[in-house]
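Undergrad: If you read the sequences in order, they're chains A and B. Heads up: the first sequence runs through residues 1 to 188, numbered per the numbering used here. Heads up: the second sequence runs through residues 189 to 424, numbered per the numbering used here.
No wet-lab data here; the hints were simulated from the structure. Bear in mind that the values here come from a model prediction, so they are computed numbers and not experimental data. Glycine included, each C-beta is placed from N, C-alpha and C at the ideal position. Be a bit skeptical, because a hint or two may be false.
[Unchecked claim] Partial list, derived from the structure: chain A residues whose beta carbon lies under 8 Å from chain B: (1) T8; (2) K33; (3) A61; (4) F65; (5) V105; (6) V111; (7) R125; (8) P147.
[Unchecked claim] No farther apart than 25 Å at their CA atoms in a straight line, the calculated lysine to aspartate or glutamate pairs in the DMTMM-like style are these: (9) K47/A <-> D298/B; (10) K216/B <-> E155/A; (11) K47/A <-> E155/A; (12) K216/B <-> E91/A.
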Amino acid sequence: MTMSASQTVGPFFVIGLEHLYRADLTGAEVFGKAITVSGRVLDGDGKPVPDAVLEFWQADAEGNFGDGKIEAVGHGAATGFSGFARIPTDESGKFKLRTILPGGVAAGDGVEAQAPHLGVFIFMRGLLKPLYTRVYFAGGPGNETDPVLGLVPAERRGTLIARKGAARETFEWNVLLQGPKETVFFAW
Amino acid sequence: MSDSRPYRKIAEGTQPEYLHAAYASTVKRAPTQPLILLPHTKTELTGPVFGHSLIRPGDGDLTRQHAGEPLGERIIVSGRVLDEDGRGVSGALVEIWQANAAGRYLHKVDQHGAPLDPNFSGCGRAITDEQGSYRFVSIKPGAYPWGNHYNGWRPQHIHFSLFGAGLLTRLVTQMYFPGDPLLEFDPIYKSIADERARERLVSRFDWETTQPEQALGYRFDIVLRGREETPVERSR
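Bound conformation, chain A alone (with noise of 0.2 Å):
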C-alpha cells in the first residue's frame, strides 16, 4: 500500500485543531529550564503569516523522547512531560513556545549524539504537505558536530539555530519561507 496524498490545512483549522493548542509544557512537576521560544512567521514578502499553525516535539530535559502519553489539552504538564506543542501564529504572524530546554541526544541506532533541538512541523493555507524543520539553540553543546546541522550547508545552517533573546532564558526563532534567508526546511 501507499500512504495517502497529503492536502492543506486550508485556513479553517481552527475548528478542528483548536482543542489541542498548547503553547506550555512547563509545570511544577516537570524537570528542566524553562525557556521561551518566541517568532513570526513570513512570506516570500516577508508579509506575516497569520493562519499558520506549528507543532513542535521534543526530548525532555535529559534528552530522552517518552512516548509523551497526552491524555487532555493541558494535563500532559501535570502528569510529566509531554514533548508536544501545537500554537497558531496570530494576526501578526507570531507564536510564543514555553518549554524546558530539551537534552542532547545520545547516540544511537546508527546515528551520532544530537545537539538539542526541537522538531517542527508548520501547516498553513497554500503548503500541500508541511514543512518540516528544527530548532537549535544559540551556544548549545554539541552543536558543531551535530549530524543533521552538519548536513546544512554552513552559511544556511543559521536559519536552525534559535538567537538568545534580551530577557533570560529566552531564545528567537524566526520562519522565513522563501527567499536568500530562507529557513532551511528538510525532505522528510
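On the provided structure of chain A, position chain B as indicated by the hints.
TA: Using the frame of chain A, we list chain B on its own:
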C-alpha cells in the same frame, strides 16, 4: 517501545509538490531553496501518543453537539487507518473539521454568503480502535466558493488530521465524495500528480455503512507512512 526502523521512501507523484501554481497560495509560501534530506533519528522515529481520555462522548457525532439537529444530509463516515503494510493502526488520533451543509465554515474569515447553522460546529475527533477503525456521524458538507480563480468552487470535502506511531506518520489530508463534478477542476485535489493516489482521497459510498432511515454511509481508509522492512543494524 519505539520502532527504530526508518520510514519508507515516498513513491514518486503520490504526494503533492510544495509549489503548485494553479493553487495560488503556494506561490509565496512554498520553499524555493533545496530541501535537505533528513536522516530519521530518534526525534522523528518517536512521537506523541494520545490517550482515550482526550475524546469526550459525542466527539464522534457532529450532529449531536448542540440543542437541535443540524440541517443537511446525514452521513456516516467510517474506515480504517492502515500502515503501508496494510496493518490497522490502533490508537491513532483522528481530528476532522468541515463546512456545514450550506458550504459555510464556523470561522470569522469565512464570509461566504451562505447561512451558519446554529446546530453545527463542524468539528470531530476519534481515536482508532484495535483494528484501526474510526467512525463519525455528520452531515454532508456543501461545496463553497473561493477566490483562487474565476468562479472557483471547492468540491465537498472533510479535513482529516492524523497522528500514527512516530512523528513522520503525521498526515493532514481531505476526504472527497464520489461523483463530485468539481473534483476535476480543483487545483488542490489535482496537485497530486498520480491519478490513483488522487482517487484514494475519494471516499466510497457503502451500503454496509448506510443505515436505513438514518444516514448514507461512506467508507474512507487512510494509509499512514510505514517503516522499512528490516531493522537497521544497531551501531554504537
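Undergrad: Would you mind marking each hint as holding or not holding in the structure?
TA: Now the hints, each set against the structure:
With a cut of 8 Å, the hint placing T8/A at the interface with chain B holds, because the nearest CB-to-CB distance is about 6 Å. For K33/A, the interface hint is violated, since its Cβ never comes within 8 Å of a Cβ in chain B; the closest pair sits about 19 Å apart. Annotation: A61/A was flagged as interfacial toward chain B, and the flag is violated, the nearest CB pair being 15 Å apart, outside 8 Å. Taking 8 Å as the C-beta contact cut-off toward chain B, the hint placing F65/A at the interface holds, the least distance being around 4 Å.
Residue-level restraint check for V105/A holds (minimum Cβ-Cβ distance to chain B is 5 Å; threshold 8 Å). At a threshold of 8 Å, the smallest CB-CB gap from V111/A to chain B is about 5 Å, leaving the interface hint in force. Using the Cβ-Cβ criterion of 8 Å, the hint placing R125/A at the interface with chain B is satisfied: the shortest such distance is roughly 5 Å. The beta carbon of P147/A comes within 7 Å of a beta carbon in chain B, closer than 8 Å, and the hint placing it at the interface holds.
With a C-alpha separation of about 21 Å, the suggested pair K47/A and D298/B falls inside the 25 Å cut-off, and the hint holds. Between K216/B and E155/A the alpha-carbon distance is near 23 Å, which keeps this suggested pair within the 25 Å criterion. At roughly 24 Å between alpha-carbon atoms, K47/A and E155/A fall within 25 Å of each other, so this suggested pair holds. Distance check on the hinted pair: K216/B and E91/A sit about 18 Å apart at the alpha-carbon level, within 25 Å; holds.
Hints 2, 3 from the list above are not met by this structure, while the remaining hints are.
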